[in-house]
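Number of protein chains: 2
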Amino acid sequence: MHAIDTANEQAFQRMLAGDPVLIDVVPAADAIPQLKERMILHAGPPVEWNRMCGPMRGAIMGVAVFEGWAPNLDVAADMAAAGEFEFHPNHHFDAVGPMTGLTTLTQPVMIVENRAFGNRSYCTINEGLGKVMRFGGNDEEVRARLAWLRDVLGPSMAAALRELDGVALKPIVARGLTMGDEMHQRNVGCSGLTLRAIASSMASTSSDSAELARALAFIASNDQFFLNIAMALGKALMDPVRDIENSSIVTAMCRNGTDFGIRVSGTGDQWFTAPVEMPEGLYFPGYSEADANPDMGDSTIVETIGLGGFAMAAAPAVAGFVGAGAASEAANFTRSMREITHGENPEWTIPALDYAGVPTGIDIRYVVETGLVPTINTGIAHKEPGIGQVGAGVVRAPMACFEAALKALAQEIGVS
Amino acid sequence: MHAIDTANEQAFQRMLAGDPVLIDVVPAADAIPQLKERMILHAGPPVEWNRMCGPMRGAIMGVAVFEGWAPNLDVAADMAAAGEFEFHPNHHFDAVGPMTGLTTLTQPVMIVENRAFGNRSYCTINEGLGKVMRFGGNDEEVRARLAWLRDVLGPSMAAALRELDGVALKPIVARGLTMGDEMHQRNVGCSGLTLRAIASSMASTSSDSAELARALAFIASNDQFFLNIAMALGKALMDPVRDIENSSIVTAMCRNGTDFGIRVSGTGDQWFTAPVEMPEGLYFPGYSEADANPDMGDSTIVETIGLGGFAMAAAPAVAGFVGAGAASEAANFTRSMREITHGENPEWTIPALDYAGVPTGIDIRYVVETGLVPTINTGIAHKEPGIGQVGAGVVRAPMACFEAALKALAQEIGVS
Numbered sequence: 012m013h014a015i016d017t018a019n020e021q022a023f024q025r026m027l028a029g030d031p032v033l034i035d036v037v038p039a040a041d042a043i044p045q046l047k048e049r050m051i052l053h054a055g056p057p058v059e060w061n062r063m064c065g066p067m068r069g070a071i072m073g074v075a076v077f078e079g080w081a082p083n084l085d086v087a088a089d090m091a092a093a094g095e096f097e098f099h100p101n102h103h104f105d106a107v108g109p110m111t112g113l114t115t116l117t118q119p120v121m122i123v124e125n126r127a128f129g130n131r132s133y134c135t136i137n138e139g140l141g142k143v144m145r146f147g148g149n150d151e152e153v154r155a156r157l158a159w160l161r162d163v164l165g166p167s168m169a170a171a172l173r174e175l176d177g178v179a180l181k182p183i184v185a186r187g188l189t190m191g192d193e194m195h196q197r198n199v200g201c202s203g204l205t206l207r208a209i210a211s212s213m214a215s216t217s218s219d220s221a222e223l224a225r226a227l228a229f230i231a232s233n234d235q236f237f238l239n240i241a242m243a244l245g246k247a248l249m250d251p252v253r254d255i256e257n258s259s260i261v262t263a264m265c266r267n268g269t270d271f272g273i274r275v276s277g278t279g280d281q282w283f284t285a286p287v288e289m290p291e292g293l294y295f296p297g298y299s300e301a302d303a304n305p306d307m308g309d310s311t312i313v314e315t316i317g318l319g320g321f322a323m324a325a326a327p328a329v330a331g332f333v334g335a336g337a338a339s340e341a342a343n344f345t346r347s348m349r350e351i352t353h354g355e356n357p358e359w360t361i362p363a364l365d366y367a368g369v370p371t372g373i374d375i376r377y378v379v380e381t382g383l384v385p386t387i388n389t390g391i392a393h394k395e396p397g398i399g400q401v402g403a404g405v406v407r408a409p410m411a412c413f414e415a416a417l418k419a420l421a422q423e424i425g426v427s
Numbered sequence: 012m013h014a015i016d017t018a019n020e021q022a023f024q025r026m027l028a029g030d031p032v033l034i035d036v037v038p039a040a041d042a043i044p045q046l047k048e049r050m051i052l053h054a055g056p057p058v059e060w061n062r063m064c065g066p067m068r069g070a071i072m073g074v075a076v077f078e079g080w081a082p083n084l085d086v087a088a089d090m091a092a093a094g095e096f097e098f099h100p101n102h103h104f105d106a107v108g109p110m111t112g113l114t115t116l117t118q119p120v121m122i123v124e125n126r127a128f129g130n131r132s133y134c135t136i137n138e139g140l141g142k143v144m145r146f147g148g149n150d151e152e153v154r155a156r157l158a159w160l161r162d163v164l165g166p167s168m169a170a171a172l173r174e175l176d177g178v179a180l181k182p183i184v185a186r187g188l189t190m191g192d193e194m195h196q197r198n199v200g201c202s203g204l205t206l207r208a209i210a211s212s213m214a215s216t217s218s219d220s221a222e223l224a225r226a227l228a229f230i231a232s233n234d235q236f237f238l239n240i241a242m243a244l245g246k247a248l249m250d251p252v253r254d255i256e257n258s259s260i261v262t263a264m265c266r267n268g269t270d271f272g273i274r275v276s277g278t279g280d281q282w283f284t285a286p287v288e289m290p291e292g293l294y295f296p297g298y299s300e301a302d303a304n305p306d307m308g309d310s311t312i313v314e315t316i317g318l319g320g321f322a323m324a325a326a327p328a329v330a331g332f333v334g335a336g337a338a339s340e341a342a343n344f345t346r347s348m349r350e351i352t353h354g355e356n357p358e359w360t361i362p363a364l365d366y367a368g369v370p371t372g373i374d375i376r377y378v379v380e381t382g383l384v385p386t387i388n389t390g391i392a393h394k395e396p397g398i399g400q401v402g403a404g405v406v407r408a409p410m411a412c413f414e415a416a417l418k419a420l421a422q423e424i425g426v427s
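Each protein sequence line maps, in turn, to chains H and G. Counting with the working numbering, you get residues 12 to 427 for the letters of the first sequence. Counting with the working numbering, you get residues 12 to 427 for the letters of the second sequence.
For reference, chain H alone in the conformation it holds in the complex (with noise of 0.2 Å):
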């Protein structure tokens, strides 16, 4: 197996040279050319209409009115059902979302470049907390906000990035793991420090005070806001990892709500699915595991990189918030995601741990020799389309996906 090892180093080493850099915010269509009228853009592996979960189907009605492409929500739908969208993945063209994930031609993304590699990719803004598109919500408020972004927020921020010549992201994220941050599902201390990056280039920037406010206002009231930059962060990270011959390392974890998916560097692009698993976690007042949609978003890149669950060390408010347990035994969940990573980031380290690094590199032998799948932590979705966010919790990657990895490795290196 020493071609593996070896595979396994590159892809390591590959990780740790990145330099992700948040340079810019552009409508999607301007960032990715392949986008075109009546096509969506979806979080996790493939998945047509038909199969598509209840919060996924509500994002892509409210998207579908939002561009314009269909009068109301009902038409939307039958518009769907008669397979008059296109579907595809995010990761197919460079980009990431989170839950539903949607990415269609006029919303702003924002762009990290992986400075180390020439590598882009792309993640819309994160719209907030409550009655979002991301969760299923695509109501008149939800689609408002959708035009805020686009028009207002999206512009101001480009503005800004463009003036300081990006943010370099590695820092932010160091120093957010200092912050109880494991940048999945807390995000407080780097959605503070990517305000103090850019506030005072916004404001250089602007010419209307009252739009500047209210732009200010909506960065600084979301506590999750950095959740959408961490995950084009990781986009822009792995990419170069991608297809390295013999490396049992992943390079993609994602979920589009009904099925689970994974892409492994040695087999290149393939995915390899299994049905995602139901979150084990704490539900908002009023609501329970009979609301809760199964697993969902391109979000659980940020685990590919070492963050998320395998950072929860960092996060001990974390452990409470997704019922994992109490918070003193946070740590758990970092040293038991050792047994299945390549090796530690000597640049993303925990204080409680003694500056420990993250464990960095899922290597899928590993997985399937401990039966120790990765640990994610997620929001939960309603299941119906329209409602939103219900609580948060801890859910594992199934086990399907890295022995049907494993066995296509071997088969592709010859060892079968």
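Watch out, some of these pointers could steer you wrong.
Which bits of chain G does chain H cover? Going by a derived footprint, with three or more residues having C-beta under 8 Å, they are [as the list claims (entries may be wrong)]:
1) 205-216
2) 222-229
3) 354-365
Distance ranges between label pairs, derived from CB positions [said to hold, decoys possible]:
4) H:A337 with G:P296: 36 to 46 Å
5) H:R173 with G:D162: 27 to 37 Å
6) G:E358 with H:Q422: 54 to 64 Å
7) H:A127 with G:H99: 55 to 65 Å
8) G:E350 with H:D150: 50 to 60 Å
9) H:E288 with G:R173: 45 to 55 Å
10) G:R49 with H:P357: 51 to 61 Å
11) H:P357 with G:P296: 15 to 25 Å
12) G:E358 with H:E340: 17 to 27 Å
13) H:A337 with G:E288: 32 to 42 Å
14) H:L140 with G:S347: 33 to 43 Å
15) H:G94 with G:R173: 52 to 62 Å
16) H:L140 with G:E350: 38 to 48 Å
17) H:G79 with G:A337: 52 to 62 Å
Quick look at which bits of chain H chain G covers, simulated, 3 or more residues with Cβ under 8 Å [claimed, not checked]:
18) 176-190
19) 204-213
20) 216-226
21) 360-368
FYI, nobody ran anything at the bench for these hints, they're computed from the structure. A virtual CB, placed ideally from N, CA and C, is assigned to each residue, including glycine.
Assemble the complex: chain H is given as a structure, and chain G must be docked to it using the hints.
For chain G alone, kept in the frame of chain H given last:
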């Protein structure tokens, strides 16, 4: 000793009941009408020019030039030596100041109102790192920054705070404790939360986008911006606890670089002083213990309310910064401070300790009985005027203060 326990419980409950709100920024003379020309408030217990340490003298020379009382630093020193300035502790005028802690007529002070009791406290705006007056800096650069704080940042913050009707501070501290802050040597979380709270209102009340951009950048670039707010908060929380008959709870701890002083509730406004100790810590490159000034500043009011060294468990990254040992051992400091405090604060809790509250209400009886003095996280100033910060460390409050206070309290109660 039942009367003491009852009095201490009353003191403790008053601390918990406090509701400190950052409400405004005004010239010091507007907040403290007793201030007048050539009158200088300083950190710590009373001290005269001939006993003042180097950085305190340096700061006084600088502020005399800044206020227009002397044409240059040399003349200022001569005037000080000739008794032409009047010196008083900040604590005698509802104020606190970090390190040298000077408060004079025209400097802007932030106002924290304890809305549960109606009292107010004052503290200047944090100047940032590097060459600053609180560490004894006094040159043109230092004075120009003070002028900008007075003319631009202070009024900008004031307008925002008035529009917001103030910013409640207890929730910010509560959140900061989940973000790796202990509010003395680490305020990165709370500084970001404060920017989040006021940035939008700073924008909506600003008419000059270039000045606004500079103001936002100043706050955003200062990890210790919140320290001075935490200090005013501490003073506002503790002042209603002063002068409870029979109480052995400490109401203030502070240092002027020469003496350490404490006040105890049952003995009112009497100072109990002892020579201040040298911090043990880590030095910035190029400096060593030989350069260090003894401990200085009113900032240890934050330990008086259960933060700083008392909340070290919340801030494992601080343990390394102040040279207090391994990050994973930070919790030991908090545990040890439980032995000298009346109780735990149920609103200010530490995730890593499974949400135990910070040790609150220093009881001088326990200090003397156990031989454990309060642990204080502190910055270290160069001993010569005009240089600035050279390190950070941990310092112990001198036991002699507590012994003298206990003796006085016993006499007061009539049990000596």
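**Prompt:** Given a hinted range of 27 to 37 Å, is it respected by the beta-carbon distance of R173 of chain H and D162 of chain G?
**Reply:** 31 Å, holds
**Message:** If I claimed the Cβ atoms of G79 of chain H and A337 of chain G lie 52 to 62 Å apart, would that claim hold in this structure?
**Reply:** Once the Cβ atoms are compared, 59 Å apart, the range 52 to 62 Å for A337 of chain G and G79 of chain H holds.
**Request:** Indicate whether the distance between the beta carbons of E350 of chain G and D150 of chain H respects the range 50 to 60 Å.
**Result:** 57 Å, holds
**Request:** Hint says 17 to 27 Å; check whether the CB-CB distance for E358 of chain G and E340 of chain H agrees.
**Result:** 24 Å, holds
**Prompt:** Do the Cβ positions of L140 of chain H and S347 of chain G conform to the proposed distance bound of 33 to 43 Å?
**Reply:** Holds, since L140 of chain H and S347 of chain G (Cβ atoms, about 39 Å apart) stay within the stated range.
**Prompt:** Regarding L140 of chain H and E350 of chain G, is the given constraint of 38 to 48 Å on their beta-carbon distance met?
**Reply:** This hint holds: roughly 41 Å between Cβ atoms.
**Request:** For A127 of chain H and H99 of chain G, compare the CB-CB distance with the range 55 to 65 Å and indicate the outcome.
**Result:** Roughly 58 Å apart at Cβ, these two residues keep to the hinted range, so it holds.
**Message:** The hint says 52 to 62 Å between G94 of chain H and R173 of chain G; measuring C-beta to C-beta, is that right?
**Reply:** 58 Å, holds
**Asked** Do the Cβ positions of A337 of chain H and E288 of chain G conform to the proposed distance bound of 32 to 42 Å?
**Response** About 38 Å separates the Cβ atoms of A337 of chain H and E288 of chain G, which means 32 to 42 Å holds.
**Request:** Check whether three or more residues of the segment 204-213 of chain H sit with their beta carbon closer than 8 Å to a beta carbon of chain G.
**Result:** Result for this restraint: holds, n = 7.
**Asked** Do A337 of chain H and P296 of chain G keep their Cβ atoms within the hinted range of 36 to 46 Å?
**Response** 40 Å, holds
**Asked** Is 54 to 64 Å right for how far apart the beta carbons of E358 of chain G and Q422 of chain H are?
**Response** 59 Å, holds
No hint from the list above goes unmet by this structure.
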